[in-house]
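Protein chains in written order, with the numbering used here: chain A, 1 to 673; chain B, 674 to 989.
Everything labelled a hint here was simulated from the structure, so no lab data went into it.
For glycine and all other residues, C-beta sits at the position ideal for the given N, C-alpha and C.
Please note: incorrect hints may appear among the correct ones.
Cβ-to-Cβ under 7 Å is the rule here; a few derived chain A residues that face chain B [as the list claims (entries may be wrong)]:
1. V271
2. P428
3. V443
4. A496
5. A540
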Amino acid sequence: MTTGFELVCGALVGLAAAVGGAVLPSRWRVAATASLVIGACALEMAAAIGVLATGHDARWHSVALLPSTGTTLLLTPLGAIFVILVALVAVPAALYWTGYAPHGMSGRLTACGFATFVTVLLLVPAAASVATFMFLWEMMALTSLALVLTDQSGREAARSAGVWYGVITHVGAAFILAAFLLMTAHSGAQTFATLESHARTLAPGARAVIFLLALVGFGSKAGVVPFHVWLPRAHPEAPSPVSALMSGAMVALGVYGIVLFGNVLLGGGPVWWWLVVLALGGVSALYGSLHAANSTDLKKLLAYSTTDNIGLVLLAVGASGLFVATGHGRLGALSLVAAFFILVSHAMFKGALFLAAGSVQVATGTRDLDLLGGLLRRMPQTGALFLVAAASICALPPLNGFVGEWLLFQSLLHGVNLGSTSGDVAVPLAVAALALTAGLTIVAFVKAAGVGFLGRPRSPGADDAVEVATSMRLGVGLLVTMCVVAGVAPMTILPALERAVRTALPRVGAGPVTHGLQLQLVGVRGVLAPTVLTASLVVAMIVVASLRRGLSRRRDVRVTEAWGCGRELVTARMQYTATSFAEPVQRVFDDVLRPVRDLDVSHAAESRYVIESISYRSHVDDRIESALYTPVIKSVRRWGQIARRLQPGSVHRYLAYGLVALVVTLVVVAVTA
Amino acid sequence: MHVVGVAGVAALQVATIAVGGLVLVGLMRKVRARVEGRVGAPIVQPLRDVRKLLRKERLRPQFSTWIFPLAPVVLVATVCVAALMTPLITSRPALGAGSDLFVVVYLLLLGSAMIALAGLDTGTAFGGMGSSRALTIGALAEPALLVTILALSISAHSSNFPAIIRATLADPGVIVSPARLFALAALLIVIVAESGRLPVDNPATHLELTMIHEAMILEYSGPDLALVTLGEAMRLALLLGVFVNLMLPWGIASSTSIARVALGTLVLCAKVATVAGALSFVEVFIAKLRLFRLPELLAGAFVLALLGAVSGVVAK
């Protein structure tokens, strides 16, 4: 046990950043706040690395800081990897912010909110008592809500996004609080250590209720179907550094919560819990990737793909629980390593993609893919970085997304035929969900990269785009570098993840992967040699390229016009757009997506056979939203209208209410006593 | 000696796939022509075409970027690396330790994704159309493909490809097990879809509205087109090689002795040629499916693969 010196120092530096953001004059505000935020990240990261390296938890307790309960921070290896994950996104995001600030993110409130948000994100995984956790969790929700609204609060879309996000995140927090309260009622104390030690004596029914409450609460933060509806609203409206943090880091903390409850506080559970998690994950992955493939708003596409990626993570978490519950601990550990690897990779590539999307918005003034195009020529570095990050999210070798999916596939592959019927049925279906998700993700991101960055510009905004500030490119570049390093040399981050898995699954023992130059699974046959793979790919490409160069008689490349079926005039409007690119997928999944198509034909006044104009519109709505949320909102509104009748403005009636309430209370007291 | 032997066999494997792939395309055209009552071009015609194209001038459409010339290189390179990993001639390929069916699939996917990007890079209607259709088919084929791999891996307890081949050789009974048969049927449909053969795509068509793969690569010419043609032919040969070695693994060389390797090469070529000839013969009698009927075909493949996986589990 070490003292949490860095932990507290980091928090203090983060607070200093928040204060600085609020009081400093605009000349230094952004630079100073961003530097302090990076400093806070560095200190927290040092604390986390210390925990992982020594294996000793970092602890800090203060009686004074929160009245009546005190504050308890305890950083375990499990929390440590989440702290590192947050820092990995927050440092590039802060760097990016220094260039992005002039485009509507330089206010006092924003600077203060951004610093607070990062600090709170860094501290949530270290919270080790109910009061501390809920305080930090709420701070995280409130600061991010404020950031979604800042600088854009005049816009209707931002306001609506704020309402949706605010409501869902608070309902989620209520579920989490309920789960905690059930546990504290049983254990009598509120530190996580006590909760954990008393959880074994809970009745199975109570355990199940607690787990389901936590699953709903944290699932809503993680953006799992059907609680995903806030993601495609809030992520696009938030300023890009905030979207990157929300999608890369905050959503990951939802998964942290599920692992915290399922594996640590409750110490594992029966098979059906994990089948629920697995099913939730599979459905989220499919639904998210399908909507991502059909989105034309770049940031909305990224938001849906967050649901998709978190779905895959939950699929792995569910598989892990399933394997552990059926007595295959090592395989369960492998699944959990896969889950954490995908989560860390997701933070890297989704952070990069959101930041790059912000650069696109700054440079062109739009996020609508149907209006973009040709950006790789106009913003060569941002474009190239976006392409690499997109390849990474598509799980193409040799990048980090691929390693994550390989680990998940291997754990599922060895998880069939373990003797449990539920597993034998669930695992092949999970593989199918993983595969269809992978295919749809490729459609979504070839569309995003190809339509957005290649071809010809489809609007004047895209035509006039210029490369963004250096610090913005640096921020994206840092994250993309991490993607490449984690893909080519996954052994750099795997030991830390395994250390965290040992905390989550203490009874499993040795790690599931050995790592020298290649990853070798322990106990089952599976080897991946990412460095060799990369090296052979590079060599093969060099050989093929020089072959092409050497055999061609002429060295220069002549630029010609593209084939236009013999027409001279080929315009940018003739290109496939994002909408048309996704049309085949939309038609194939017509029954799931139910796209809305409006066709208005207006006839000329003289004759019905002469058509004056035709307007055609097609859009894909979120069906879960319209089927699940619209009725709830409608009925709440109706009850609200009815409740207004109680409040007619008459003082006499209000006095009567008071009297009736008093009498009823007295009667109840009299009867029950 | 051992290192030299392994490297030599690896080079031979890539060369066989490259040359054999092009000859294979010629052979399939020849079979088709003969069945239709034509004489047809010589079976080495694709080789000559590629040689001719490689010497031509390189052209690049006006608005394209570095993606356009890079994509064919990536396509050929990924197939080459996949060929180094796959037990085709020898059951101990050069990159055998890390040879995983999952890795091979994703390597090929990298090539497809790059070509799809290049289609969009041209800035024309055809490129985008081809990319969109090809990726839709690819996305739908993916579940069938990965569940097939799962089904194939169950008996060997590993998705390591050489391990699957060795397990099959050690216990040939698995070949006629329901798991393997269902999986092979699914794999065949996926191979047809992935390599753009009938009834999914017609490799001989140049009618704009029905093209899938040809639309995507319409702007390529000269050396770049040569690489794309080569890459596609290699991919077809590789996939068929994977198929025949899962179906009938006998004849594959287990050492680097010259006689064994020569025999392995001959046997592989004969097996692949037989399957390709049969495919080409069947193609004469079927028409291309409508694009929006393809999901049904691929869903059928998925069901077969799932049956394979489930029966593999049940048999255990």
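Structure-based check of all given hints:
no. : hint : verdict
1   : V271 : violated, 17 Å
2   : P428 : holds, 4 Å
3   : V443 : holds, 5 Å
4   : A496 : violated, 23 Å
5   : A540 : holds, 4 Å
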